[in-house]
Every structure is written in C-alpha cells, then in structure tokens.
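Just so you know, the sequences run in chain order W and R.
All the letters of the first sequence, read from the start, carry residue numbers -7 to 78 under this note's numbering.
All the letters of the second sequence, read from the start, carry residue numbers 42 to 501 under this note's numbering.
I should point out that these hints are in silico values taken from the structure, not numbers from a laboratory.
Treat the hints loosely; a few may be bogus.
Partial pick of chain W residues on the chain R-facing surface, computed with a CB cut under 8 Å [as the list claims (entries may be wrong)]: (1) Gly21; (2) Ser22; (3) Tyr23; (4) Gln26; (5) Ala30; (6) Thr34; (7) Leu36; (8) Phe38; (9) Ser40; (10) Ile42; (11) Phe50; (12) Asn51.
Covered stretches of chain R (chain W as the covering partner; in silico rule of three or more C-beta atoms under 8 Å from a C-beta of chain W) [to be verified]: (13) 182 to 190; (14) 276 to 283.
In silico lysine-lysine, DSBU-like type, Cα no more than 30 Å apart, as pairs [to be verified]: (15) R:Lys371 with R:Lys404; (16) W:Lys43 with R:Lys404; (17) R:Lys404 with R:Lys370; (18) R:Lys114 with R:Lys181; (19) R:Lys170 with R:Lys293; (20) R:Lys170 with R:Lys453; (21) W:Lys45 with R:Lys48; (22) W:Lys45 with R:Lys181; (23) R:Lys48 with R:Lys170.
Backbone N, C-alpha and C define an ideal beta-carbon position, used for all residues, glycine too.
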Amino acid sequence: MHMQYYQEVVHSALMVPTMLAMYVDPGSGSYYFQMLIAGLTTVLFFFSSIKRKVLSLFNKTSEPPAGAPDASLKKTIESKDKSLTE
Amino acid sequence: MMSERLKVSGASFRDPSGYVVEREGEFLRVVQPCYSEHYKCLLDSGLYDALTGRGLLIAHEEIGAGGFEGAFKVIRPRQISFISYPYEWCFSQLKDAALATLAIQKMALAHGMILKDASAFNIQFVDGKPALIDTLSFEKLALEPWAAYGQFCRHFLAPLALISLRDPRLGRLSRIHLDGVPLDLAAKLLPWRGRMNPGLLLHLYWHAASGQRPGPAAAKAVKPKNYRLSSLLGLRENLESAVRKLNWQPPKTAWASYYQGPVTGGRYVEHKQQIMADFLKIARPGSVWDLGANTGLFSRLAAAAGADTVAFDGDADCVEMNYLEMRRKKEPRLLPLWMDLTNPSPALGWEHGERMSWMERRKPDLVVALGLVHHLAIANNLPLSRIRDFCAGLSPWLAIEFVPKEDANAQKLLSVREDIFGGYTRENFEGEFSRRYTIVRSSEVEDSRRVLYLMRRNQP
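Excised from the complex, chain W in its bound form (with noise of 0.2 Å):
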C-alpha cells in the first residue's frame, strides 16, 4: 500500500506536466531511465568535450562532425542550462 503511494507520488511529481507537453508516449520506463543515467551522459559528454579540445590543438584543420558547430552548441548550453534550470 504505502509503496503503492509512493510510486503514484512520484509518477505524480515527475510525469503529469510533462505529459500534457508530448504527444508520443515516452515510455514511463524510457522517462524515469534517461534521469537514472542523466548523470552518466553528463560526465560523459563532459569528458568527450576535453577530447574533441586536446584533438583540436592537434589537428587545427579538421571539420567538426555532421551537425552543429560545437561553438554554437557550447553558446546553447551556457544560455539555456541557466536559464531553463533556474
């Protein structure tokens, strides 16, 4: 019962206002995942980022990969990580 409770807590806390935002369905186990390893994608992008820089110092020529330029990508996240998280 009183796990019960908790779990509907949580589900309550974590899931509803972001459901009202998706049309596709997440996944309630895909939703609760991506925050269990939130931490470890984190550090990992964190440590493939000093990568890509220790490389960059060597190979001053080579084109960033498909996508965004990572300049762009870095100004997102000083801009949006504060602003979004506050």
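Fit chain R to the given chain W structure using the hints.
Structure of chain R alone, referenced to chain W:
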C-alpha cells in the same frame, strides 16, 4: 470546411500540430495554430535554413491557407518521388537514417529546439540521402528527458543491433511492430555477446529492463528540474557512438555475386546493357522500377539516363551492396530497396491507412524485369497471364527478359522438381503478353538463349 478535392493522409492523425493532405496529386502539410510558436521558432532560430542547407530536412514553401479553415499555415514540401519504409531498407540505409536523425537532433539542440519524435517513418531518401520529411517534428527546447528516446531505440537501435549481431532478415520485424521493435523482444533475440557492447548494454538491455520495472528505480531518479542540456547532448552523443559501432558485412551469397558467375559469361552482360540502353532511349521514362534488380547493374543505366529509379530485390545482401555502391558513386536518382515481389509490403496500421502497400505507391513509367520471369513462373508457379497482368498494372512501358527452359539457370530451378510447365515457351510468352502489350522491340542476347523485349501497354 474542407474541399472534396482534398484527401487527408491516413498516417496523419497522431500529432495535433498538423496533418498532411493530398490535393490534385501533390502533398501539402497543414500547420495548426497550436504549433505556431514552434513553427516560428524553427524559422527564426535559423534551424530550418541550417537543416535544409545540409539536406537533412526537406525544404518547403508557404502557400495560401484558403480552403483550410482554422489553419495557421499551409506548406508545400518538396515532393518525394517514391515513399519507402524502414522495413524495406537495408542495414546501411537504416544506419544512415539513424545517424541523420541524431545529426538533426544535434542541430536542433544547438538552435534551442529538440526533436519531439524520432520515428524512422519520418525519414525518406531524397537525392540518395536520408532526410526528415516531417517539418513539424521540432519543438522549443525544455530541459527534461528526451520524449523520443524510447522511440529512437525501438525504431533504429534495436533493428540495427538485431541485423548486425543476429541476421539481416530480422529487419522485417519493423513491419510487424510499427512503433519499433520492443526492446525486451530485441534483448531476448540478441546473442549474449550483445552485452559486450557498452552502447547496447545501456540503451537496449538496461533500457529494456527499466521499462518493465519503472516504480522503485524511479525513486532514486534525478528530478526533471535538475535535468541539464549536457545530459541531452551526452545522451545524443552516446546514441551516435552506439549506432556507429554497429556494422554488418553482407556475405557473398549466390545472388550478390551473380554477375561474376559462369552463367553470365561471354558477351551476355555487355550486350544486355547495350540493348537496355537502346530501350531507355525509346521509352524515355521519367521513373523506373527495376524488379529483381540484384546489385543494380541495369538500374544504374536507367538512373544515369535521368530516370528516378527504384531497384527492388528480395535478397538483403544484394540491396546492401547496391546501396553501398550508390552511396560511393553518389547516384542521387537511384534508390535500392528490399522487397519480396511474391509477398510485397502490405498496407499497415490503423484502418490499413498509415503505411501504403507497395501497389498503392506512385507507379513508374517503365518496369524493368530482367532475369525474373523464370523465377516467377517456374519457382513460384505463376501463370504467364498473371505475370503479364501484374506488370500491366504497374506501368505503360515494360522491359522484360524471357528466360527459356533450356537456359542454365532455368534448368537449375527445374532440376529439383517435376516439369509441369508445358506452356512455358517463347511462343506462349509472346502470345500472352501480346494480349495487353504491343511488342516494340525484341533482341536475342548474345551468348545466351534469352530474349529481351520492350513492350508498350495497349490502351484499354
């Protein structure tokens, strides 16, 4: 009130942001007012220009919204010559589509937006490259877990892993599971060594396990308010790494090395190419379907002549080799696809209206059927009249090769079964096809007993 000339796409009902309609043979996308803020952001942020400039999103033009009551905008996207589906793609096509989706996500994040879905059905091959066709797939970035993460893993990661580590035929699972291969099913089907791949261990095995037991684990989860953009970027990057590590090398099957075989020696292939080149000059098709295309030797002639060419084959190895060659040679008019002609893609989804059957799609000007008739007639017991009607239902022009029983390949088919095909002769073939076609040209191919025909369908 919608005009009677408009037909709403059967696949266009899930996303409230808009829908697709067909009007006089062209497809339009109606944008609803609830999506206006995101649509403006797509254009104003520069994301639309960045994506279309790299060929990752199809371009569109805004047209008047007259006749579409309550619509915010009506856009006319670039029209796609042939719609294909993930269960018709080879491994490398699916992998390229996955990487394109992740590249789009990266650009979206850099512009303050995010992909709200990651369906493989939103990707089409345009000019030989995967491109997103759903302009309304973006929304303004909110820092929370990626809603389309599970969908990406089901639509791309699971089938890629199954093909890479188990068998290419498992790519057909996407035909049964329209919203992607369930991760727990993929985990059961994959060999144990799949767990040795860190990307698969995280995004497939552990992800699948979390889907079955969400409750207690969620208690320890990070709250959405602490979710960071770097987590989204890290997730995207990690998925890309997982996808890139999945590879599949097609084995040298009999079909994939067909043109190096003993039965195609001498001047046979060269002369057949000359005849086909002549046929193409006469028919001058804008679009071609090459049925039983093998690795695309003759499809390339049509594509080089300027026709939008779809090369179908039932052998996954051949399609993979054809696609890799197309990518290497940058042949924008060629689209290799995996299709079993004796059991082609059916209409699927709600009311059979979400995914078109093979026969419902835009038909070509010319059908090419080389080295195919004996397989349909002898290996599949199809009467010549039914093969004729099948071809006549597809296109006004037909380039077809008759392979007599005396041919070495036909003999192989007959060697393991009783010859019940008394009517399978050149005379009967010409007689049956002449009922619906006019034979424009016929040429016997050197160093073989085979005959190539160019036929034009008679007016009904």
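Verification of the supplied hints:
1. Gly21: Holds, because the Cβ-Cβ distance from glycine 21 of chain W to chain R comes to roughly 3 Å (cut-off 8 Å).
2. Ser22: The hint holds - serine 22 of chain W has a Cβ within 8 Å of chain R, the shortest such distance being about 3 Å.
3. Tyr23: Nearest chain R Cβ about 5 Å off; hint holds.
4. Gln26: 4 Å, holds
5. Ala30: Holds: closest Cβ of chain R sits about 4 Å from alanine 30 of chain W, inside 8 Å.
6. Thr34: 5 Å, holds
7. Leu36: Where the cut-off is 8 Å and the nearest Cβ of chain R is about 5 Å from leucine 36 of chain W, the hint holds.
8. Phe38: 7 Å, holds
9. Ser40: 6 Å, holds
10. Ile42: Because about 13 Å separates isoleucine 42 of chain W from the closest Cβ in chain R, which is outside the 8 Å limit, the hint is violated.
11. Phe50: Cβ of phenylalanine 50 of chain W sits 21 Å from chain R, so the hint is violated.
12. Asn51: 19 Å, violated
13. 182 to 190: That given contact holds, which follows from 9 residues of the region 182 to 190 of chain R lying within Cβ reach (below 8 Å) of chain W.
14. 276 to 283: holds (count 3)
15. R:Lys371 with R:Lys404: 24 Å, holds
16. W:Lys43 with R:Lys404: 50 Å, violated
17. R:Lys404 with R:Lys370: 26 Å, holds
18. R:Lys114 with R:Lys181: Given that 30 Å is the threshold and the Cα spacing comes to 18 Å, the pair holds.
19. R:Lys170 with R:Lys293: Cα-Cα ~26 Å, so holds.
20. R:Lys170 with R:Lys453: 39 Å, violated
21. W:Lys45 with R:Lys48: 52 Å, violated
22. W:Lys45 with R:Lys181: 29 Å, holds
23. R:Lys48 with R:Lys170: Answer holds: lysine 48 of chain R to lysine 170 of chain R is near 28 Å, not above 30 Å.
Hint compliance for this structure: hints 10, 11, 12, 16, 20, 21 are not met, and every other hint is.
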